[in-house]
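K.L.:
Top line first, the protein sequences correspond to chains A and B.
Going by numbering that gives the first Met the number 0, the letters in the first sequence line up with residues 0 to 298, in that order.
Going by numbering that gives the first Met the number 0, the letters in the second sequence line up with residues 0 to 426, in that order.
It should be emphasised that the hints constitute simulated quantities derived from the structure, not laboratory data.
Only pairs whose alpha carbons sit at most 30 Å apart, straight line, appear in this in silico DSSO-like list of lysine-lysine:
1) K303/B with K110/A
2) K188/A with K271/B
3) K311/B with K110/A
4) K215/A with K217/B
5) K311/B with K97/A
6) K215/A with K222/B
7) K388/B with K215/A
8) K86/A with K296/B
9) K97/A with K296/B
10) K311/B with K80/A
11) K144/B with K188/A
12) K388/B with K86/A
Here the structure is a predicted model, which means the values were calculated and not measured.
Residues per chain, in single letters:
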Amino acid sequence: MSVSFRLRAVLVLATGVGAVGCAPPRVAAPQPDAEAASRLRATFVSSSASNATAEEATATGTGWAALKGRFTFAGTPGAAKALVVDKDTEVCSRGGMKLLDRSLLVDPSSKGLANVVVFARKTSRVKDPVPTVPAVFDQKNCEFLTPVFAARVGQPVDVRNSDPIGHNTNIAGTAFNQLIPANAATVYKPDSETGLPTMVTCNIHPWMKAYAMFRKDGYVAVSAPDGNFEIRDLPAGESIEFQVWHERSTGPSGALGLAQPVLKWTPKGRFQIRLEEGEVRDLGTLEVPPGAIAGTSGG
Amino acid sequence: MSVADRYSFSCQGRRQVRQPLAAAVLAVVALLAVGCGRTPPAAFRLNMVEATKQRLTPEQERQVGTILLAMFGTPDDPVALPETGLDEAKLRLAAGPVRSDIVGRKNGLYREHCVHCHGITGDGMGPTAAFLNPYPRDYRPGVYKFKSTERADKPTHADLVRTLHNGIAGTSMPSFALLSAVQVDALTEYVKYLSIRGETELALMRAFFELDDEDEGKLPESKEFLFAEILEPIAERWQSAAEARIEAPEMPTDIDLAASIAKGRELFYGDKANCVKCHGVTGLGDGQANDYDDWNKAIVEVTKELDSGRVKLAETSTRGMSADEAAEHRAQVAWVERFGKVLDGDALRPRTIPPRNLRMGIYRGGRRPLDLYYRIHAGINGAPMPAAKGTVDPEDIWHIVNYVLSLPYELDGELGADRMMVAKDRL
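Here chain A stands alone, though its shape is the one from the complex (with noise of 0.2 Å):
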């Protein structure tokens, strides 16, 4: 091998390390624009009270409605996967029990789609003070008992551990995360609101999960075993605009996309409606199809 040729091959090589270099190349990201940027930070040392703007006066009627309906799911939900417990097996796994995967959880006989989470984006009025009676959230057999859990901002909640073991806490987006010890409990009151629901999770049992939803309204409805949903005393007048989530959905951060033309639901699963005072709102059945949920087949 002559020498000009390993050189060659050296340099080749080097090139060819230049060129393509250490790391992963990046996605370009767009450059921000200077002058709106000037512009724009001129805006902030002017006088702000002068382009305060007035509270929204927002059409406000009187008395309360309700808005009811039911999800069914049209594509078939598949076995439900055992999880893997790994840990305190003689609490955990009692006497050969199972735990399973409660992500989707569809009633075989109506098609009832349970734990889609519907709520009120933002109302005027709230008819109830926040309760100061605690709301539950326990844990038995290492497993959360409310997959979907709903409170108010400022309730307490009185986190429970039914277990004979120890277990932990942990909401994400919310820094609690703090140890229960066996058949003890804690109160946390949230502090503020969660734009969609956030994972509940315990470090010590990695496969227990379940969601929790705080809002200062309170205008949650989490649907039940057979896909029923209602939310009480919303306000009536006003325009409300409800969002649907559910922890499988494709849609963007778990939002619940429908074809619903009439309700003009979106691809961010949101609509808007108009209660009349005392009226009971119900949408029927809200079928979910297969492509809106991951990891399902058609029906």
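For this one, chain A is given, so just place chain B on it according to the hints.
P.N.:
Below, chain B without anything else, positioned relative to chain A:
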């Protein structure tokens, strides 16, 4: 003579290179090394993982970049709006390229000492980041582990100064005790700046989802929105950190150390404190091997979402779709593909977080008994370690502290060995 001139001169000087091909290749190498023009000014990188996760359009990404530029300036020219509570003079000492100012004072401290690990944006993605374990901290979510405040609260300025001063034992984070107090103070301020900027960016990107239809996919740029709803709640938490200090009672003195250690041992293995579940029956940190911290978990969760999306798309047939549905399908395919590329370049491969091996005598957040008290009381924010506050009495926390501090020196009779326990005892 510019660097480029000097470089090409040295190339011409290599007369032994006779092969035209080799010369051409050398020229290419030289060009690659030197580049073609001026180095572009340093710029902050947009949080592309979050932007893609939130499915922002290029215009929306651009709007976030523009708002951030208006509020925070650039790495060479940082801005400290009064609402942030940051001191712009300190930021200027830390920001920009490494240089000396007119009185010979060193400027550009962040780029001299921090950038190669923590990155220009403070995303923990500097050039060396991928080679370190644990990865350098990503400041953008504004979450810090080692602090004297309650779990949900920000670290105090003094907490961050202590971390810089002491470094973090058992990690690649060195001590900066050789820098002057003024320099450490400036760097601490700059780290807070990068966090407030990163948290603002996350809040802006997440705000798109909350938009109403009449906003037409554009965030309002009014002070009411940008300050009252986005920046001020973030900055306020940094400013109130000092009020969130954990009040630790004095270590109990009416019990002798051996008795306190014995009590701590009981708690360690008991169902109340439950330390054993993660730190292991041996205390070697082998009780829980498959968990992630919040930074890595975010990538793990996103990857899962992406994988299930990919599977779903692959098995969906476009036959019989309406034009709208087909367009939606194509958009979904493009999104999944782009997300894969974004993760390749903007995220490090997720790593699990092992619970601390308590027999090493290495305490990342400081080895004072008080540091361990804070860790047990509040847990470790961003990590799986939960808080014992409320369910374990302060006095019992002190007993656990004493037991944990004794662990590196505990002789384990059960092993029949008259020596300290080491990792291989697991086997």
